[in-house]
Amino acid sequence: MSNSYDVIISQALCEKLLQYRKVAKEPTTGFVYGWFAKNTAHCIGCALENPNVLLSFGYDIVGVFCISRGESEDQISGLCHGLVLKYLEENQHKGPENPVLLYTTPTNERAVFTKLVTLGLEPLLDPEKVSVLENMRLGTCSVRACARVQLAFEMDADVVYLKKNLEVAADRLKKKFLPDVVAFQLDGSNVLLRRDSTEKTIQDLVDQSGDSGRKRKNKDDALSQEVLNFTILSQTTGEAAMEGCGSTCTPVVHYQKKVFKSTAALLPLDIVATVNMNDTLSKVVTLLSEELRNQIDQMTNCMSKFSKADDVCIPEAFHFWPVECGHWVTVFYPAGVNEADLVSYRKELHRLLLLPCDRPLFRRANRFAFPEDLAADPYLRNTHLGLRPPPGCQVQLLRGQYQYRHYMQDRIDDNGWGCAYRSLQTIVSWFRIQGYTEKPVPSHQEIQQALVSIGDKPQSFIGSKQWIGSMEVGYCLDKLLGVVSKTVCVNSGAEMPSKARELIAHFDTRGTPIMIGGGVLAHTIIGVAFNEKTGDAHYLILDPHYTGGEDLSVIQNKGWCGWKSNSFWDQTAFYNLCLPEVPTAV
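Residue numbers (full-length UniProt numbering): 1 to 586.
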């Protein structure tokens, strides 16, 4: 690769650096990661220096970043000198000797400056070309591989010795997943990936396999991408396997007499990575092999951190795709440890990734929902995806995911009276999926019991078919989740456009679904489109009055989820809107 080259930066990375610039009180440096291809550096994410975090991404280090507080370019280069040395150490034969340098300044609110830095005294270089892309997933797909493997090790009450024993066991286990020993079978097919695979590419594999092992989400989904699922296999015979485990042709018996306690833990290996469609299968095997060995290290680190003398914790891998990051992040949590005990663990992760600490991003509930996860969910998620908003409008949608709750679900016939109950259930599902609560979505009877317990309804209300409104929805959110809501009153449906800017601000800052009740009907608003020139407003409506099955095409084509003009509202009816707030949490 030449001294100068092209640089492509993800829009999410630029926005993250600019946001962090607002709160940084001192110069901050760290690594930029992504990949090199065709004389181009692709920059997709960043993190403060921490090897365990970088191992969680499946990308290479491509450069460094600096959030400056007014330093000159020479001073910025000096601040990053140590990181550049580590880059060169990590990236031997993987990239150029002059990595990317991204930096911000306190005087420019909108610019992320891009340079190429060297270890010498030469001035910083300009890249050949710099581009910012909103969608870095074009031309890529995700590969996921899973297996359960046994990790045998000696227990020890001393944490120091336990950690050493786990490291020894991990080193022994990792030899089973060296590139020349491991193989990956594409689920639902007989395709086997090995290090010595032909020079076919991932694109060839996708074309060859058709739908086998291939799961694709809605093409308009913001997280839409190819997901190729593999089963992990390890060679146990042959020269490569023998060399990998250090065995020889001569049997050797090691005998040592002592009293000790040995145990075996079943590790649920689960790796995911982004690869380019033109990557060779051999390159993908090498990447997945490295990811597996990294994951074994991270799992044993988790075990040594959370295990006790006679209680070994089993780590679990959780895959996340935070919109604020725009890439995979894999986090390891000990099974059986509740979320409250992991707050400091998550705060440190937010800090390392330059993420805000005002919302959950890495709770278990935030984990990415793969196609098989969605197929197992009895409720459809994000039924608005693929619907086009009216042209020429400022558009603001809710943030995150929700379950579409409507009439006749859960074997409950609430046709004619349960619309507000279903809207409340949709809102609670949003708080669950976003990780704000672990409490289940309440049933109709639990909603009624909550209203009785606060004195809003009489005892006879429980088990009845009486409808509720926006005020009651707010009371229930407060009682069941501790969520405060804002109530907005509209004298008539004809006045709804006057609230469009307020609703846009709500979705921009809070992002929660809005329940609206009036004219004995309840709906859920999940987006607003407002035309500044004409004053017209459209509303993205989730209609709980739908009584059919979970058929997305029917729901969208028949308008049960869709954009509605202001004529949708009863022009003379009074409306109350319940706008849930979001608590500050990690």
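Treat the hints as calculated values from the structure; they're not laboratory data.
From a predicted model like this one, the values you see are computed outputs, not experimental measurements.
C-beta atoms are modelled at their ideal positions from N, C-alpha and C, and glycine is treated no differently.
Check each hint, because a few of them may be wrong.
Listed below are the simulated DSS-like cross-link pairs for lysine-lysine, each with C-alpha atoms no more than 30 Å apart in a straight line [what the hints assert, rightly or not]:
#, residue 1, residue 2
1, Lys-94, Lys-175
2, Lys-261, Lys-200
3, Lys-22, Lys-175
4, Lys-38, Lys-86
Taking CB as the label site, the calculated pair distances span [what the hints assert, rightly or not]:
#, residue 1, residue 2, range
5, Cys-357, Val-484, 12 to 22 Å
6, Glu-26, Lys-347, 18 to 28 Å
7, Leu-374, Gly-78, 46 to 56 Å
8, Phe-574, Pro-356, 33 to 43 Å
Verification of the hints:
A distance of roughly 23 Å separates the Cα atoms of Lys-94 and Lys-175; the hinted pair therefore holds under the 30 Å criterion. For the proposed pair Lys-261 and Lys-200, the alpha carbon gap of about 48 Å is over 30 Å, so the pair is violated. Restraint check for Lys-22 and Lys-175: not satisfied, since their Cα atoms lie roughly 46 Å apart, outside the 30 Å limit. The suggested pairing of Lys-38 with Lys-86 holds, with an alpha-carbon distance near 23 Å, which does not exceed 30 Å.
Between Cys-357 and Val-484, the C-beta spacing of about 20 Å keeps the proposed range 12 to 22 Å intact. Judged by the Cβ atoms, the range 18 to 28 Å given for Glu-26 and Lys-347 holds: they are separated by roughly 19 Å. Judged by the Cβ atoms, the range 46 to 56 Å given for Leu-374 and Gly-78 holds: they are separated by roughly 49 Å. Remark: the range hint 33 to 43 Å for Phe-574 to Pro-356 is upheld by a beta-carbon distance near 38 Å.
Consistency note: the structure conflicts with the earlier hints numbered 2 and 3.
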